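Undergrad: Given next are the chains, with one letter for each unit.
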Amino acid sequence: MSEIVFDLIGVLARPSWRELCLDPRAHDWQALRVGAIREDEFWSVELAAAYRGAIGLRCDRLDLLRRLRADGHTIAVASNYAREWAPLVKARMPAGLVERWVISGEVGAAKPDLAFWTALAAAPGTIVIDDKPANVAAAGAAGLRGVLAAPGVDLGAQLARVLTSWR
Amino acid sequence: MIDPVDYRPLIAELGLPDGEAAHVQASATGTWARLVQIRQTLAAAEIPADIGVFAVGSLGRFESSAESDLDFAVVYFGEVVAPGEAKRVRDELVGILRPHGHAILDKTFHAAVDLGALLRDVGGQGDTNEHLTYRALLLTEGVWLANAAAADEVMDAIFAAYASGATTRGRFLSSLQNDLHRYYRTICVDYRFKVENAGKHWAIRYFKLRHARKLWHLANLTVFCRAAQLADEERDVHLAGELRRPPLLRIADALRALGGIELAADLLRAYDGYLAALADPEVRRALDRIDYAAREQDPLFVRLRGGADRLDAAAQAVVRHLWIHCHEHLVRYGLL
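Protein chains in written order, with our numbering: chain A, 1 to 167; chain B, 168 to 503.
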């Protein structure tokens, strides 16, 4: 059985920080996501609190993780995410589902850059699920197997097909 | 839409002077501000993880004004959440929002609704107007207000109800297209009931039908025509993504791919006038006073009807383009 890597926002969780901001361009996401600035340099205390209140995990995707774990797969989460937000999501993730976390704000590199995939250190051909086509393509370029989890995709069925073809 | 809706690139692409689509952009900007304010307000509320909270209507289409009601939809997973709990949550959220000035009317979306009820009988005897309304509006103009993760699940489940139909979905997902057609005709007939039987004001409803509803219908028609030209394995993702975008952007995306983007210009111009009118409280009050029998003598009615006629002409130009470039799909699935 193999490791399967999931993106966080847009795949396992919502919302994006952008959806709580009047003008997302006013916030330096490029710096926060690789840990180059602190959260208090990124946005206000009020927005920080609102984001922590709004973030949630998708129950159907947690069920999918449980099924994959039951089939013997290990799960990693690999996400462009602030290091300050990671503890909250890790704490909300049911115990025993996720083996390891690779958070861009903690490793200092973000998708789709090659440095992020190097930090992920996944075996060649590992399945990487992401909601952004650019990240899926970048995973492929890094020797991994990207799967798009966009609206309109039955992710469970898609994954089953990929796993079947992989065996 | 995870970022604010921005029509400025489209307006520039079409070469429209700033003033000709100013209200389209202003209503999108104002809607985003209102959504952000509501999301921040509700972020502190304790809501079970299996309840999704949405705005539909003009907020969901990113075309609201200060005059717009908040069409507030609460959808819960009935196998996990009890109806009483969902009702309590809805009442609590409405109680939080009303003091902030959001007009939440107890009409179509007056109660929390079980997602299972929306999906278990699509097209069957138990499929009510209310269920159809929820499905059509959540898919095409539903934006989350709280519990975004649950809201995503709800929207994916509604789309999957059509896409996973092994026998009935159709290669072009015509099962969904037909239900959206059905909803459009339903609201056209609903106008008749509300005005003839329920004694409601006719003029605003008439202009909404001739603008917002018609544009929504045209957007769906256009997107499905465009999607029919994609590879089978790309179609569902394209449809699910596009149906979440505001109608004008949906139409523009499709027209751009079909070589007719310039046709979006007259749509924007005509729609801009409609949004400007509905954002003006004086105009709304004046519309409520227009006697149907004397409408031809009313300058406001005549002016707004002229705008509706211009939108019709622009829509006809789009349909003529589809007729040429997507003939078979338009006739077989859109018209017949």
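Calculated from the structure, these hints are not laboratory results. Each hint should be verified, as a subset may be incorrect.
For the chain A half of the interface with chain B, some residues (derived, Cβ under 7 Å), not all of them [stated by the list, open to error]:
1. Gly53
2. Ala54
3. Gly56
4. Arg69
5. Pro124
6. Gly156
7. Leu159
Lysine to aspartate or glutamate pairs mimicking EDC-like chemistry, simulated, CA-CA at most 20 Å apart [what the hints assert, rightly or not]:
8. B:Lys375 / B:Glu259
9. A:Lys132 / B:Asp236
10. B:Lys274 / B:Asp323
11. A:Lys132 / B:Asp479
12. A:Lys90 / B:Asp479
Treat the numbers as computed from the prediction; the structure is a model and nothing was measured. Glycine included, C-beta positions come from ideal geometry on N, C-alpha and C.
Undergrad: All the hints need checking, so say for each whether the structure fits it.
TA: Results of checking the hints against the structure:
1. For Gly53 of chain A, the interface hint holds, the least distance from its beta-carbon to any beta-carbon of chain B being 3 Å, beneath 7 Å.
2. Checking Ala54 of chain A against chain B: minimum C-beta separation of about 4 Å stays under 7 Å; hint holds.
3. Restraint check, Gly56 of chain A versus chain B: the minimum CB separation of about 4 Å is within 7 Å; hint holds.
4. Hint status for Arg69 of chain A: violated, given a least beta-carbon distance of 20 Å to chain B, over 7 Å.
5. The beta carbon of Pro124 of chain A comes no nearer than 25 Å to any beta carbon in chain B, farther than 7 Å, and the hint placing it at the interface is violated.
6. The restraint placing Gly156 of chain A at the interface with chain B is violated, with a minimum CB-CB distance near 10 Å, outside the 7 Å limit.
7. A distance limit of 7 Å between C-beta atoms decides the matter here; for Leu159 of chain A the minimum to chain B is near 15 Å, and the interface restraint is violated.
8. This hinted pair does not check out: Lys375 of chain B and Glu259 of chain B have alpha carbons roughly 31 Å apart, beyond 20 Å.
9. This hinted pair does not check out: Lys132 of chain A and Asp236 of chain B have alpha carbons roughly 34 Å apart, beyond 20 Å.
10. Distance check on the hinted pair: Lys274 of chain B and Asp323 of chain B sit about 25 Å apart at the alpha-carbon level, beyond 20 Å; violated.
11. For the hint pairing Lys132 of chain A with Asp479 of chain B, the CA-to-CA distance comes to about 37 Å; that exceeds 20 Å, so the pair is violated.
12. Restraint check for Lys90 of chain A and Asp479 of chain B: the C-alpha separation of about 53 Å exceeds 20 Å, so the hint is violated.
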